[in-house]
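Student: Below, each chain spelled out in residue letters.
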Amino acid sequence: MMTPRRAVLTALGGLIAAPGLLSGCSSSVIGGRKQTTIRFWNGFTGPDGRTMLGLVRKFNAENPDVHVVMQRMDWGTFYNKLFVAGLGGRAPECFVLHTRAMLRFALAGFATPLDTFVASENGLPEQDFEPGVWDATTYKSEHFGIPLDVHAMGMYTNRALLKEVDWNPEAPPVNTAEFIDVCKRVRKLPKQESERYGFVFTNLETNGYTLIRQFGGNVFTPDMQTCILNSPENQNGLMFGRSLIEDGLVPSPENFDAWIGFRQGRVAMAFEGIYMLADLQRQKDLDYGGAPVPQFGNTKAVWADSHNLCMRRGLDAPTAAATWRFMRFLSNNSLDWALGGQIPTRISQLESPDFAKMEVQAQFAKQVKIVKYHPKVPFIFEYLTEFTLAVEKILRGREKAPVALKTAEDNINRIIDRQRKQGVSGGDQA
Amino acid sequence: MKPRASGWMFAAPYLTLFTAFVIGPLLFGFALSLFRWELLSNVKPTFVGFENYAEAFRDPYVHQALGATLRFVWMAVPATILLALVIATGLNAVAGNRQGFWRAAIYVPHLLTVSVAGILWRWFYNKEFGILNALLKPIGIEIPWLSDPAWAMPAIVLMTLWWTLGGPSVVLLSGLQNIPVSYLEAASLDGATPVQRYFRIILPLMRPVLLFVTVMHVIGGFQVFGQVYMITRGGPELSTRSLVQYIYETAFNNYRMGYAAALSWILFAVIALFTLVQFRLMREERS
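Those protein sequences? They're chains U and R, same order as listed.
Per our numbering, residue 9 is the first one in the first sequence, and the count goes up by one each step.
Per our numbering, residue 27 is the first one in the second sequence, and the count goes up by one each step.
Treat the hints with caution; some may be incorrect.
[Said to hold, decoys possible] Some chain R residues flagged as far from chain U (calculated, every beta-carbon gap over 12 Å):
hint	residue
1	Phe36
2	Ile49
3	Tyr87
4	Gly246
5	Thr276
[To be verified] Calculated cross-link-like contacts (lysine-lysine; reagent style DSBU-like; alpha-carbon spacing at most 30 Å):
hint	chain 1	residue 1	chain 2	residue 2
6	U	Lys374	U	Lys171
7	R	Lys163	U	Lys192
8	U	Lys196	R	Lys70
9	R	Lys70	U	Lys429
10	U	Lys196	U	Lys171
11	U	Lys365	U	Lys66
12	U	Lys192	U	Lys308
13	U	Lys308	U	Lys171
14	U	Lys292	U	Lys365
15	U	Lys292	U	Lys171
16	U	Lys292	U	Lys66
17	U	Lys292	U	Lys196
18	U	Lys192	U	Lys429
19	U	Lys171	U	Lys192
20	U	Lys292	U	Lys374
21	U	Lys199	R	Lys163
22	U	Lys192	U	Lys66
23	U	Lys429	U	Lys89
24	R	Lys70	U	Lys89
25	U	Lys429	U	Lys414
26	R	Lys70	U	Lys148
27	U	Lys365	U	Lys171
28	R	Lys163	U	Lys292
29	U	Lys171	R	Lys163
Just so you know, the hints here were simulated from the structure itself, not pulled from any lab data.
Every residue gets a Cβ at the ideal spot worked out from N, C-alpha and C, and that includes glycine.
With the sequences and hints as input, model every part of the structure.
Tutor: Structure below.
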């Protein structure tokens with residue numbers, strides 16, 4: 009019997025399914041041979057899109073019976089479009105989901121569990137995936153995605169600026185003392201037209217999450233029933249971040265564009281995702297490097313997320329087989345994907361000599377075993393709004409850490425209550 | 027065929043589309059607003075009457091978003107009308123081809139998409155590295171355009187002025203050009219000074235055009251979304267998150283369709299209220 013949620017989604021889907029029914033034919037006959045068309049949606053609109061397009065073309069050339077059509081759209085609206093397409097029964101056969109968004113698509117019944125494909129004769133070696141990354145794709149013991157990469161946060165360094173403050177760029181800071189030392193040295197440099205800093209907060213959400221996890225904090229209790237954001241560990245992590253600003257070592261956080269400062273050569277260190285590497289690869293006038301994020305608290309941890317290859321639920325067997333062949337191809341060739349600024353998730357690829365040659369990726373990959381994903385909760389956007397707002401208020405000095413975190417904690421617990429009453433399933437601790 | 031029937035036939039194509047794409051969704055949205063409908067829920071949509079509306083009145087984020095929207099309207103609309111009037115008056119004084127050039131130049135920013143204009147100004151506004159502060163620094167001023175909640179909304183208004191001022195300027199210019207020269211000549215013969223002519227003749231005659239531009243900008247102001255989303259995403263500290271952005275996030279990020287529909291109707295009511303007040307002003311003018 010259909011669950012109420014499925015019935016609702018099916019009913020809503022029926023309202024907007026007509027165009028999908030008209031265009032739903034996924035196979036055609038080309039030159040007397042049947043060809044299966046796979047639509048592949050992702051948000052790779054930057055240089056990563058060109059890398060992915062190259063892989064898609066390579067697959068199409070090697071597999072004449074399958075034709076993959078890739079469609080890219082901005083991540084900002086990608087999930088809305090994908091969800092609406094899912095409601096209308098027009099979702100693509102293959103799509104990319106971030107780990108933190110996967111639960112919602114699993115709950116809505118749009119993504120299919122992939123365990124039978126993985127275990128099949130033409131499957132993938134489960135043990136070759138980095139365990140933490142692979143486990144993050146599970147919901148209720150089933151895997152809903154094949155992780156293509158793990159975009160861990162790392163530390164980008166301006167090697168020229170490090171040299172200028174007499175710091176060896178080959179040995180970037182690894183702990184609090186060294187990190188603060190570099191920040192102080194940069195602040196002591198002769199004034200220029202625009203100020204220079206040792207460090208800037210580029211992304212409050214990811215930087216803040218790394219800090220709380222490094223100080224031993226977490227967001228939810230293990231059963232995911234209660235938010236514990238206002239813990240002493242989380243307070244300490246974010247108060248440390250604030251102290252850097254109060255001491256004049258770091259500017260008050262800009263919303264987005266502190267990264268420009270790094271690219272302009274006015275910042276010695278910035279914590280950003282590996283996906284920003286593509287920006288730097290095109291910039292020839294910046295002598296940059298990559299390193300693991302220094303350890304500030306007593307726990308080794310950095311924020312990360314992953315792009316996962318997912319398959320639409322309810323595909324017929326031939327289409328599902330063709331889609332799986334494509335997903336398997338991408339996973340097996342994810343070293344090519346890594347070249348454009350990503351970290352592969354297959355251990356065999358991480359340990360390959362070719363990957364070792366990718367300097368920044370290899371440095372960031374040293375953290376793969378300590379990556380921390382955001383918790384998988386169905387109310388991920390509401391949670392992130394509350395979390396980021398609290399981090400923002402604390403780092404800007406607008407509210408003390410216990411006040412801001414308590415407000416966020418109360419709000420998130422109210423959301424949990426609301427979801428419980430509405431029968432929305434809980435999440436998983438990452 | 028009776029005239030009344032032919033009139034309906036002429037209107038039928040428009041009325042069909044209007045009903046299908048405006049009236050229908052409006053009514054569907056209103057019905058939706060009376061249901062608790064969360065797309066990820068196991069519970070099927072349940073009729074809750076006006077509970078979504080009651081929740082909206084209790085929701086501090088609605089108050090905050092409505093406050094941000096009102097601040098935008100309060101700052102952007104008067105500034106737009108005033109500056110557009112100044113520009114239109116100036117353009118009206120320029121003769122011949124030069125007027126065409128300046129009119130086009132003022133209108134050009136309006137041709138940019140909101141994403142392009144937004145990204146451009148986000149760079150301009152960067153506190154540490156943006157061009158605006160680079161220009162202000164020599165005179166000892168440094169403004170935290172986007173990182174300070176007190177400055178973020180004025181920054182969005184400033185960008186909006188640059189981006190949209192061309193439209194109302196051109197409309198007001200056409201209004202100015204429609205004022206018969208004989209009125210002004212008669213006033214001059216009666217000894218009116220240029221200032222008197224402007225405030226006693228031109229402005230009163232411009233009132234219908236000004237009201238039209240004001241109504242349109244108030245409605246547009248309440249629906250502000252694109253530039254906010256591109257420049258601040260509603261930050262810092264949600265200080266610029268408009269009601270439309272909150273509705274968008276409620277529906278398409280949080281999948282709370284019933285609640286989002288109720289918020290949309292509240293926004294509709296607010297806009298309708300302001301529009302009615304302005305129409306009332308217009309009626310007084312006619313009487």
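Student: For each hint, tell me whether it holds in the structure or not.
Tutor: A quick look at each hint next to the structure:
1. Its beta-carbon lying about 30 Å from the closest one in chain U, R:Phe36 satisfies the requirement of being farther than 12 Å from that chain.
2. Chain U leaves R:Ile49 outside its interface by the beta-carbon criterion, the shortest separation being 17 Å against a cut-off of 12 Å.
3. With a least CB separation of 9 Å from chain U, R:Tyr87 falls inside the 12 Å interface cut-off, contrary to its annotation.
4. Taking the minimum C-beta to C-beta distance to chain U, about 22 Å, the non-interface status of R:Gly246 holds against the 12 Å cut.
5. A cut-off of 12 Å between C-beta atoms contradicts the statement that R:Thr276 is not in contact with chain U; the least separation is 9 Å.
6. With a C-alpha separation of about 24 Å, the suggested pair U:Lys374 and U:Lys171 falls inside the 30 Å cut-off, and the hint holds.
7. Of the supplied pair hints, the one linking R:Lys163 and U:Lys192 holds, its CA atoms being roughly 23 Å apart against a limit of 30 Å.
8. For the hint pairing U:Lys196 with R:Lys70, the CA-to-CA distance comes to about 63 Å; that exceeds 30 Å, so the pair is violated.
9. Distance hint between R:Lys70 and U:Lys429 is fulfilled; the C-alpha atoms sit about 12 Å from each other, no more than 30 Å.
10. Of the pairs offered as hints, the one joining U:Lys196 and U:Lys171 holds, with about 14 Å between alpha carbons and a cut-off of 30 Å not exceeded.
11. Proximity of U:Lys365 to U:Lys66 is assessed by CA-CA distance (about 23 Å); at most 30 Å being required, the pair is judged to hold.
12. Taken as a hint, the U:Lys192 and U:Lys308 pair is honoured in the structure, with Cα atoms around 24 Å apart against an allowance of 30 Å.
13. Proposed proximity of U:Lys308 and U:Lys171 is supported: the alpha carbons are some 27 Å apart, at most 30 Å.
14. For a cut-off of 30 Å, the pair hint linking U:Lys292 to U:Lys365 stands: about 19 Å separates their Cα positions.
15. With a C-alpha separation of about 18 Å, the suggested pairing of U:Lys292 with U:Lys171 holds against the 30 Å cut-off.
16. Annotation: proposed proximity of U:Lys292 to U:Lys66 holds, straight-line Cα distance about 29 Å (limit 30 Å).
17. The straight-line distance between the Cα atoms of U:Lys292 and U:Lys196 is roughly 27 Å, inside the 30 Å bound, and the hint therefore holds.
18. For the given pair, U:Lys192 sits about 52 Å from U:Lys429 by alpha-carbon distance, which is inconsistent with the 30 Å threshold.
19. Between U:Lys171 and U:Lys192 the CA atoms are separated by roughly 14 Å; this keeps the pair inside 30 Å, and the hint holds.
20. Between U:Lys292 and U:Lys374 the alpha-carbon distance is near 25 Å, which keeps this suggested pair within the 30 Å criterion.
21. Simply put, U:Lys199 and R:Lys163 have alpha-carbon atoms about 13 Å apart, close enough for the 30 Å limit, and the pair holds.
22. Taken as a hint, the U:Lys192 and U:Lys66 pair is broken in the structure, with Cα atoms around 50 Å apart against an allowance of 30 Å.
23. Distance check on the hinted pair: U:Lys429 and U:Lys89 sit about 27 Å apart at the alpha-carbon level, within 30 Å; holds.
24. For the hint linking R:Lys70 to U:Lys89, the alpha-carbon distance of about 23 Å falls within 30 Å, and the restraint holds.
25. Simply put, U:Lys429 and U:Lys414 have alpha-carbon atoms about 23 Å apart, close enough for the 30 Å limit, and the pair holds.
26. Note on R:Lys70 and U:Lys148: the hinted pairing holds, with a Cα-Cα distance of about 22 Å set against a maximum of 30 Å.
27. For the hint linking U:Lys365 to U:Lys171, the alpha-carbon distance of about 23 Å falls within 30 Å, and the restraint holds.
28. About 29 Å separates the Cα atoms of R:Lys163 and U:Lys292, which keeps this hinted pair within 30 Å; it holds.
29. For the hint linking U:Lys171 to R:Lys163, the alpha-carbon distance of about 28 Å falls within 30 Å, and the restraint holds.
Consistency note: the structure conflicts with the earlier hints numbered 3, 5, 8, 18, 22.
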